[in-house]
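K.L.:
In order, the protein sequences belong to chains A and B. Start counting the first sequence at 1; every next residue gets the next number (this note's numbering). Start counting the second sequence at 1; every next residue gets the next number (this note's numbering).
One or more hints might be untrue.
Using C-beta positions, here's what the derived DEER-type ranges look like [unchecked claim]:
1) 362/A <-> 17/B: 36 to 44 Å
2) 385/A <-> 179/B: 21 to 29 Å
3) 332/A <-> 100/B: 40 to 48 Å
Since the hints were derived computationally from the structure, they do not count as laboratory data. Glycine included, C-beta positions come from ideal geometry on N, C-alpha and C.
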Amino acid sequence: MPFGLIWHNLRRHWLRSALTIGSLGIALFLITALRALVNSLEAGVRGAAGNRIVVGSDVSLWVQLPTSYQAKIAQIEGVEKLIKWQWFGAYYQTSADLFAQWAVDKDVLFDVYPEMKLVAGSMDEFLVRRDACLVGIELAKTYGWKPGDTIPLLGNTYPRADGGAWQFYCAGVYEARLPVDNRSMFFDYAYLEQAGEAGETMYWPGCMLYVARTAEGADQEAVIQAIDRLYENGPYKTKTQPESEFNRQFVTMVGNIPALMAAIGGAVSFAIVMAALNTMLMAARERTRDLGIMKALGFTDGTAFALMLVESFAIAAAGGLIGVGTALATESAIAFQLSANLFPGYEITPDMIMGAVAAAIAIGLVAGIVPAWRASRLRAVEAIRAGA
Amino acid sequence: MPSPIIQVHGVTKQYQRGGETLTVLDKLDLEMAEGGYYALMGPSGSGKTTLLNLIGGLDHADSGELIVAGEDLTSLNGNDLAAWRAETVGFVFQGFNLLPVLTAVKNVELPLLLTPLSARQRREQALRALELVGLADRANHRPKQLSGGQEQRVAIARALATDPKIILADEPTGDLDRVSAGQVLDLLGRLNEEFKKTILMVTHDPIAAARSRSIVHLDKGKLGSIEHNRPLETAAARS
Numbered sequence: 001m002p003f004g005l006i007w008h009n010l011r012r013h014w015l016r017s018a019l020t021i022g023s024l025g026i027a028l029f030l031i032t033a034l035r036a037l038v039n040s041l042e043a044g045v046r047g048a049a050g051n052r053i054v055v056g057s058d059v060s061l062w063v064q065l066p067t068s069y070q071a072k073i074a075q076i077e078g079v080e081k082l083i084k085w086q087w088f089g090a091y092y093q094t095s096a097d098l099f100a101q102w103a104v105d106k107d108v109l110f111d112v113y114p115e116m117k118l119v120a121g122s123m124d125e126f127l128v129r130r131d132a133c134l135v136g137i138e139l140a141k142t143y144g145w146k147p148g149d150t151i152p153l154l155g156n157t158y159p160r161a162d163g164g165a166w167q168f169y170c171a172g173v174y175e176a177r178l179p180v181d182n183r184s185m186f187f188d189y190a191y192l193e194q195a196g197e198a199g200e201t202m203y204w205p206g207c208m209l210y211v212a213r214t215a216e217g218a219d220q221e222a223v224i225q226a227i228d229r230l231y232e233n234g235p236y237k238t239k240t241q242p243e244s245e246f247n248r249q250f251v252t253m254v255g256n257i258p259a260l261m262a263a264i265g266g267a268v269s270f271a272i273v274m275a276a277l278n279t280m281l282m283a284a285r286e287r288t289r290d291l292g293i294m295k296a297l298g299f300t301d302g303t304a305f306a307l308m309l310v311e312s313f314a315i316a317a318a319g320g321l322i323g324v325g326t327a328l329a330t331e332s333a334i335a336f337q338l339s340a341n342l343f344p345g346y347e348i349t350p351d352m353i354m355g356a357v358a359a360a361i362a363i364g365l366v367a368g369i370v371p372a373w374r375a376s377r378l379r380a381v382e383a384i385r386a387g388a
Numbered sequence: 001m002p003s004p005i006i007q008v009h010g011v012t013k014q015y016q017r018g019g020e021t022l023t024v025l026d027k028l029d030l031e032m033a034e035g036g037y038y039a040l041m042g043p044s045g046s047g048k049t050t051l052l053n054l055i056g057g058l059d060h061a062d063s064g065e066l067i068v069a070g071e072d073l074t075s076l077n078g079n080d081l082a083a084w085r086a087e088t089v090g091f092v093f094q095g096f097n098l099l100p101v102l103t104a105v106k107n108v109e110l111p112l113l114l115t116p117l118s119a120r121q122r123r124e125q126a127l128r129a130l131e132l133v134g135l136a137d138r139a140n141h142r143p144k145q146l147s148g149g150q151e152q153r154v155a156i157a158r159a160l161a162t163d164p165k166i167i168l169a170d171e172p173t174g175d176l177d178r179v180s181a182g183q184v185l186d187l188l189g190r191l192n193e194e195f196k197k198t199i200l201m202v203t204h205d206p207i208a209a210a211r212s213r214s215i216v217h218l219d220k221g222k223l224g225s226i227e228h229n230r231p232l233e234t235a236a237a238r239s
């Protein structure tokens, strides 16, 4: 089999080959990245715990609930542990280094989220020091943070009155599974509250969410209704939901992203397959005379078939390599950006890579089978005459 | 007469054109001797190229018997016929028909890919063939970097590379100027005389035909006449 000929043929119109390979690479990158993105968007739903409920404002996620609600909610039967979540919205060094920081009730953090484990540092220090924080393992890797480090953050939501940076002491590094993101930072809500009360920042005693862990055997629906009934007629009406439902609504808040992604991915892939098919058909037409000559020299129909198909596979494989390579190379950066926008869990998994490889094989096959079949059916005499 | 290497017995070939049946070869009987150098002449449509293609195993006869180099071509299927072509015949076409993406030596190596030779052996054999046609110094040139005459000589080297018994040439000088055509004809003559290749050449050119040992005239798909025993030495002396 003259495989060297395939390389020479690809180089014959190198720009066209490069553009086809490049477009296939982009398509396969998009397919892989969109799958990872959809996965990321749905990760919160999949990872949600059955015994957690989320209390937020009925108006919007970005309308805060007063901290005074905490004591009343905690008293409701079935609520075992309760934690505040407040978005801190600061950045590290430059505004591009944005990641999620949460002011929480640190003493119950690991109780409400047993999926979190401390992998480095000291829990005691986290609980004792006012300025202590825990950072996710991925975040720590990104910035090279370790226990004992000081982490200065510049506030966006809570800028300091003196214009300086907030100083956090890294007490430890945690590792968690979704829905808790490994690229977040947690610190004590009291630190923010005290700074606010001391006039160091603009502060209103509120929080974005309360998350309650319900007691074993508790009627979750009854707990939800009891909480919402409390503030039915108040100025800050609540909306309480199971964690999985909250996470699902959080995703759909920005539209039906998974369906949109699937539609975009499908359309892009289809267009690219058509382009690749067109390229292969053009290549086959150009090869008509060459294939006729080869058949006259004694090459079989099967060789002609294989040459065209392997050429198509070579283009698809190169595109696949570029696509998967790009997806892997950009994984960390995309994951970081998505995490900063509250969509953790972006990850290129082995099955996504296998999916991209399968897509590349399918594209190679679909784009190559017709030209290959035509090549095998060519009659040497007519092919030479047609190409003369 | 030496034993026939090409035996055409009652061969008929028809084509369908616009609803009509066109008989290109009509129960043709012909024998050609091993080591012969035949020029196949006749007016357009007389069946010259069709006969060449049938003898080269590029096409199938509708009826009749066609035995070439001891093989009954009518009994071979597509793959067997391809293998037989690779081993037995070398083709030289009017339009040179080199693969444009390959260098001269790679073009010559192409049919050798069908042999069990190693890459090194293929390279050496291809270079020897190029040397024979006087183009060893152009081995790494691509077809577009060669003149028409040089391209045709590379095509002859390719036809020779597998050391076939028969060389089939379809108007090999048709696209060449007089000087280049003379060089190609010299080469074909040498292949016949020194290397004992049987050569069958389709041509319209009486000067080219005069360089052969025998001229076969076809007319309307039938054998017209054969002019035998034109000694090659005589033809060479005319050039």
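K.L.:
Determine for every hint whether it applies to the structure shown.
P.N.:
Evaluation of the provided hints:
1. 362/A <-> 17/B: 36 to 44 Å: Distance hint for residue 362/A, residue 17/B holds at roughly 42 Å.
2. 385/A <-> 179/B: 21 to 29 Å: 28 Å Cβ-Cβ, so the 21 to 29 Å window holds.
3. 332/A <-> 100/B: 40 to 48 Å: holds, 46 Å
When held up to the earlier numbered hints, the structure conflicts with none and fits them all.
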